[in-house]
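> Sequence:
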Amino acid sequence: MKALRNLRGPLAALALGMASAVVVVAVPTPAQAATATIKASDGLLLHDCSKHPVKVKVKVPDSAREWVLNVNRYRPDGEASGVITVKGNSSGRRTTRWIFCLNGFEPGTYQFRTNGYWTDKTGDIKFLPQATRSVTMRIARTRTKLTVSDTTPRTRQLVKFRSLTLEERPGGKWRPVKYGYVRLQRKSGTAWTDVENTSTFVNRKGRVVWRDGWLKKSTFKIRAFSHELSGQRLSKSKPITITVRRSR
38 MKALRNLRGP LAALALGMAS AVVVVAVPTP AQAATATIKA SDGLLLHDCS
88 KHPVKVKVKV PDSAREWVLN VNRYRPDGEA SGVITVKGNS SGRRTTRWIF
138 CLNGFEPGTY QFRTNGYWTD KTGDIKFLPQ ATRSVTMRIA RTRTKLTVSD
188 TTPRTRQLVK FRSLTLEERP GGKWRPVKYG YVRLQRKSGT AWTDVENTST
238 FVNRKGRVVW RDGWLKKSTF KIRAFSHELS GQRLSKSKPI TITVRRSR
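All residue numbers for the sequence shown refer to my numbering, where the first residue is 38 and numbers rise by one.
Take the hints with a grain of salt, since some may be wrong.
For lysine to any residue, the following SDA-like pairs were computed, each having C-alpha atoms within a straight-line distance of at most 20 Å [claimed, not checked]: (1) Lys273 - Arg206; (2) Lys224 - Pro190; (3) Lys76 - Gln167; (4) Lys253 - Ser284; (5) Lys76 - Arg102; (6) Lys92 - Ala73; (7) Lys273 - Thr184; (8) Lys88 - Gln148; (9) Lys273 - Asn140; (10) Lys76 - Val172; (11) Lys254 - Arg283; (12) Lys258 - Leu195; (13) Lys96 - Lys124.
Calculated directly from the structure, the hints in this document are not laboratory data.
Can you make the complete structure from the sequences, with help from the hints?
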């Protein structure tokens, strides 16, 4: 402002007016965009049907009156396999739940795609952008465990074998299988062979118990093999070395 002190008359008045003026520039606010997104994780195909969650998030402008979103499922071969519709009148999240059964769905990659629209307060219809998400559905695994009452028995001594077979469940959980057979297998050389008459159906806790004994001194490996399960992957226990000693 020191430069203004040297000005006189009309020039001083003009300069003072320019210095005190406030210039306001209007910056237009960008239009709020509408979006739709999908979130889903990989899952399991089980003998007993399960509901697999697929979450969607819809964002619409504050001027929106309502929105409608269709979530479509497609099989690994591209065939359409169902649609679930969700609605709302403001931005929000929804969870759709999809039934998957081992008997009706093949393992592979399934795709979920959205299509929908929203309307503003004047009733104008505007389309929501498409969202896509792929998930892999696979056959559940099993785990087989074997314990032996004595790994160094003597001849003619009865030994108790106990097996436990677990099946994989959604959310990283495991539970005893409800259906299946377990047999013992023995390895003396390089090949595993089934122990005769040991294939047994699991009890309600997924367990099987055997008793066996040997007449001769020997060393071999033994394991439990879960088979004829209800759609789950087969599994074998870790081998256990048995050393049969002579009786005293």
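> Decide if the proposed pair is consistent with the structure: lysine 273 and asparagine 140, CA atoms, cutoff 20 Å inclusive.
24 Å, violated
> Between lysine 88 and glutamine 148, is the straight-line Cα distance small enough, at 20 Å or below?
Answer holds: lysine 88 to glutamine 148 is near 16 Å, not above 20 Å.
> Keeping to a limit of 20 Å between CA atoms, is the pair of lysine 92 and alanine 73 held or broken?
Roughly 11 Å separates the two Cα atoms, so the pair holds.
> Does the alpha-carbon distance linking lysine 258 and leucine 195 stay inside the 20 Å limit?
17 Å, holds
> Is it true that the CA of lysine 96 sits at most 20 Å from the CA of lysine 124?
Holds, at roughly 12 Å.
> When you check the alpha-carbon spacing of lysine 253 and serine 284, does it fall within 20 Å?
Holds: lysine 253 and serine 284 sit about 9 Å apart, inside 20 Å.
> Can the restraint linking lysine 224 and proline 190 be considered satisfied, given a maximum Cα separation of 20 Å?
Distance ~17 Å between lysine 224 and proline 190 Cα, so the pair holds.
> Going straight from one Cα to the other, do lysine 254 and arginine 283 come out at no more than 20 Å?
6 Å, holds
> Compare the distance between the alpha carbons of lysine 76 and glutamine 167 with 20 Å, and conclude whether the hinted pair is satisfied.
13 Å, holds
> When you check the alpha-carbon spacing of lysine 76 and valine 172, does it fall within 20 Å?
Since the Cα atoms of lysine 76 and valine 172 sit roughly 10 Å apart, the hinted pair holds (cutoff 20 Å).
> Verify the proposed pairing of lysine 273 with threonine 184, using a straight-line Cα cut of 20 Å.
Holds, because 13 Å separates the two Cα atoms, which is no more than 20 Å.
> Is the hinted pair lysine 273 and arginine 206 satisfied, with a Cα-Cα distance of at most 20 Å?
18 Å, holds
The structure is inconsistent with the numbered hints 5, 9, although it conforms to all the rest.
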